[in-house]
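J.: Okay, here's what each chain looks like letter by letter:
2 protein chains.
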Amino acid sequence: MNNILIDGEWRPARNPAGSFRAVNPSDGTELPDLYPISSFSDIEEALRAARRDAPVLAKTKPEALAEFLDGCAAGIEARAEELVACAHLETALPKEPRLRSIELPRTTFQLRRAAAAARDRSWCRATIDTKADIRSKYGPLGGPVAVFGPNNFPFAYNSAAGTDFAAAIAAGNPVIAKAHPCHPGTTRIFVEIANDVAARCSLPPATFQLIYHMEPESGTELVGHPLVGASTFTGSRPAGLRLKEAADRAGKPIYIETSSVNPIFLLPGALAERRDRIADEVFASCTLGAGQFCTKPGLIVLIQDREGKAFFDTVRQSFERSPAAILVARSVLAGIRTALEMMTSAGAEIVAGGRAIDTPGFRHENTLLRVSGDVFLKNPKDLQQEAFGPVSLCIFARDSGQIVDIAAALEGNLTGSIYSHTFGQDDEIYEKIAAILRFKVGRFLNDKVPTGVTVTAAMVHGGPYPAAGHPGFTAVGFPAAMLRFAALHGYDHVRHDRLPPELQDKNPTGTMGRLIDGEWTPRDV
Amino acid sequence: MNNILIDGEWRPARNPAGSFRAVNPSDGTELPDLYPISSFSDIEEALRAARRDAPVLAKTKPEALAEFLDGCAAGIEARAEELVACAHLETALPKEPRLRSIELPRTTFQLRRAAAAARDRSWCRATIDTKADIRSKYGPLGGPVAVFGPNNFPFAYNSAAGTDFAAAIAAGNPVIAKAHPCHPGTTRIFVEIANDVAARCSLPPATFQLIYHMEPESGTELVGHPLVGASTFTGSRPAGLRLKEAADRAGKPIYIETSSVNPIFLLPGALAERRDRIADEVFASCTLGAGQFCTKPGLIVLIQDREGKAFFDTVRQSFERSPAAILVARSVLAGIRTALEMMTSAGAEIVAGGRAIDTPGFRHENTLLRVSGDVFLKNPKDLQQEAFGPVSLCIFARDSGQIVDIAAALEGNLTGSIYSHTFGQDDEIYEKIAAILRFKVGRFLNDKVPTGVTVTAAMVHGGPYPAAGHPGFTAVGFPAAMLRFAALHGYDHVRHDRLPPELQDKNPTGTMGRLIDGEWTPRDV
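First to last, the sequence lines map onto chains A and B.
Using the numbering used here, you'd call the opening residue of the first sequence number 506 and step up by one each time.
Using the numbering used here, you'd call the opening residue of the second sequence number 506 and step up by one each time.
No wet-lab data here; the hints were simulated from the structure.
Owing to the predicted nature of the structure, the values given are computational and were not obtained by experimental measurement.
We treat Cβ as the ideally placed atom computed from N, Cα and C, and that holds for glycine.
Mixed in with the good hints there might be a few duds.
[Stated by the list, open to error] Here are the computed lysine-lysine pairs in the DSS-like style, where the Cα-Cα straight-line distance is at most 25 Å:
#	chain 1	residue 1	chain 2	residue 2
1	A	Lys937	B	Lys937
2	A	Lys636	B	Lys953
3	B	Lys953	A	Lys937
4	B	Lys937	A	Lys564
[Said to hold, decoys possible] From the structure, some residues in chain A lie toward chain B, with a derived Cβ separation under 7 Å:
#	residue
5	Trp515
6	Asp753
7	Gly756
8	Gly947
9	His975
Based on the provided sequences and hints, a complete structural model is requested.
T.: In structure tokens:
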């Protein structure tokens, strides 16, 4: 049985609640390595060690944190082939281009952006009122961030290498990484890399720790524990809501990302102008990565006119003709089945695909459904449940007025797109939809599919509930993603030599921006 | 019966659930005006109107919002005497200096700071990635902010004039103000002022609305309602937690500020050096405003040595000799009784005061309790319940090691202070306490009492649960306080003329800071 990493040491789980093996999704067979399901005593030990080290890490120079994150990126590159092979085995995601040329470089890029943000220090938004001698900045939470990684990104959202890991450490917090049981081997390699690097950077031993798996009750106990700083969870809605409830009850911040149907509105002028190009884009976005993206378009809204029907026929043919890719886990198949049952019970009709494929491995036909606007508006709740996988629902609105009603019936989403005519034919209806959609999504797009989340300071990967738990944060993009793991720290009349360097009179980097007496400036006080 | 203000019109409550009168705390008599307890139909109407107007307000020029807020400040000054007279009648807070010379100017200052922040626009943190054409900024929530004001600040935290009101509007959100039943008349004057000003600024009719009172179930329905944007509540812990649970369940942001004991640690060197001065400061802070401040020091921690005992004797004499001020409400007396029962049951001893005073009006003796560190550590939960009013508990630690244990046993607080020796004698123990206390409080102080919350950009009035609901925000200070009422809005490939002005290539003010391709700058793209 594999060791977990607690307080800097690889050791066996104590009295594990069970064990598990990862599964090769391409043939359904179990992989050889055995991993423990930790009992809460392991988790409590991790919490105590992390709480002990949190103040040490909070006083660690940002340059050391940055060196660690940069070191992780370099270490990942050095073991890239091993990571790609292991992640491919555990998730069946294609080695090329997905794992080797897209997700791995994105992961190292994120780590380096986090390192740069830590070095730059501007993220902490140092604010100084010289007259009142009151100063403030964002600082670490004083307890670990528990990261529950998802199944669909073995690298970029991995709990031991992905965006949450990088953001939490860059902001000066210890991490307790909970591997996703789909890819424990990949996660182990990341932790080995981090562990090698940490030794060189003299970080405290509980800077990051690894638990492979835990029972649901341990998860709720962890996120609501007095010693935890905050938690993140990316995954299914029921599990996310259970964790959110426990964290909320204890008053602990939790950032969940559990479901989003990412509506795309196709306005008549856009379809008249460039129907086939849009059809290709939308189809590709719906089925990219077997639809296993948080930003997959799950709802396509258009008017049931001649252009709309022609668009639909093109997309349907693409769904019908395209081969089914392998899904990352058996549970994805189960989720699709549940979602299809709910949608068809609510009146949607399957027009392409619809069945799991009876071959070795986890596959599901690329599936397109159709429903009228009238029926959608009768049961918008069931018809906007996320079907994680290659499944999308096309809503045929009666007219442009009904499109607006459909927008108004949507819940919170990560993204929302509107395709409109290039030269203004759709502007009137665009304005009406945009005025509603803007407040229902984190990232609002024009003439563009939502898959492909660029890692940039301006990226918003978040949104109103239920897409995320609070609409004021993003999980992607530095430095913004770090603010999820920060407390606002005020210093009132604190003696100068006791202030954190960012709040002392002399600007510690000479370049970081600070708000001094109302002016954003890199100068010293 | 007084009218409520819904959708720009003063009208009677429909089918009210009841009515109430404010009470004069100086003699316990009811004041003549009758106010309705609204049924949910009033609240739902307010929600619908506010949701309709939210996108309009979101597109309103910040200059118009600023003009409105500045107009409110001027209107308040014009009706200052009336406000002071009414608030004094309803709360018994002294006209001078408290109401006229401190709280009223603070309130108008806040409104003007909010106006300046709206005009400046930097608060929205516009971020532009020119290469990827991805842009982001903080924007309004798309639904109203429900503000539940507290009893203790009839002006500065008033739901229709205070910091939450100013911050929510400055960030472009409509407000549904729920008056505190202690001072409905004061709140009505503020709404009259705002209503006069709004007419001149052409703001949409549901920019702010007024409900005087509602039943608890209506409150929970309001904060979790699909149409609400966010809520704030300042008041008692049970009511705050009930609202928080309802809002959390619905995934709606809520900012609660419900209790804080604001510990003060007095280190031996500080007492040896300047014992009497500290005793005067601490006593004054504990009893200022009859102890009815969120930042009143409820816990005083010191070592039981000669200096500690001498300090304690001085403070006790001050408590004993000082007259009891009038409290703002009968409920404050009930809260004190409950808190004293809990603390004495847990082993604390009342050494000064302890009784309600049997005269007309709501008065309670200034009350000091004492407990040993040993006893405190046996039951830290019951012994750190807030007693809102002129009540403080002195904890006598056995030695400096036990002081550290006491710090570790504290819950989240708004503030925490350490008094230490000027020339370093306490530095070793200071470091140990500070390393713990930093993460348990929002505002960390040296050699200073926590009462007196300066309104400055660097102020932090917030903290970890249970002091507040999320440690990353502040309720006081502009522009930071506005971020509680903001969503992070991403724009991906959105056509240039459809972008909000703050994200267009040309800087709309010429001066607002924007993060363009990694550089914080006022230049155009």
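J.: Against this structure, judge whether each hint is valid.
T.: Evaluation of the provided hints:
Taking the CA atoms of lysine 937 of chain A and lysine 937 of chain B, the gap is about 58 Å. The hint is violated against a cut of 25 Å. Proximity of lysine 636 of chain A to lysine 953 of chain B is assessed by CA-CA distance (about 16 Å); at most 25 Å being required, the pair is judged to hold. Simply put, lysine 953 of chain B and lysine 937 of chain A have alpha-carbon atoms about 54 Å apart, too far for the 25 Å limit, and the pair is violated. Distance check on the hinted pair: lysine 937 of chain B and lysine 564 of chain A sit about 13 Å apart at the alpha-carbon level, within 25 Å; holds.
Against a cut-off of 7 Å between C-beta atoms, the interface hint on tryptophan 515 of chain A is violated, since the closest Cβ of chain B lies about 29 Å away. For aspartate 753 of chain A, the interface hint holds, the least distance from its beta-carbon to any beta-carbon of chain B being 4 Å, beneath 7 Å. About 3 Å separates the beta-carbon of glycine 756 of chain A from the nearest beta-carbon of chain B, less than 7 Å, and the hint is met. Given hint, glycine 947 of chain A at the interface with chain B, holds; its Cβ is 6 Å from that chain's nearest Cβ, closer than 7 Å.
For histidine 975 of chain A, the interface hint holds, the least distance from its beta-carbon to any beta-carbon of chain B being 6 Å, beneath 7 Å.
Comparing the model with each earlier hint shows violations of hints 1, 3, 5; every other hint is respected.
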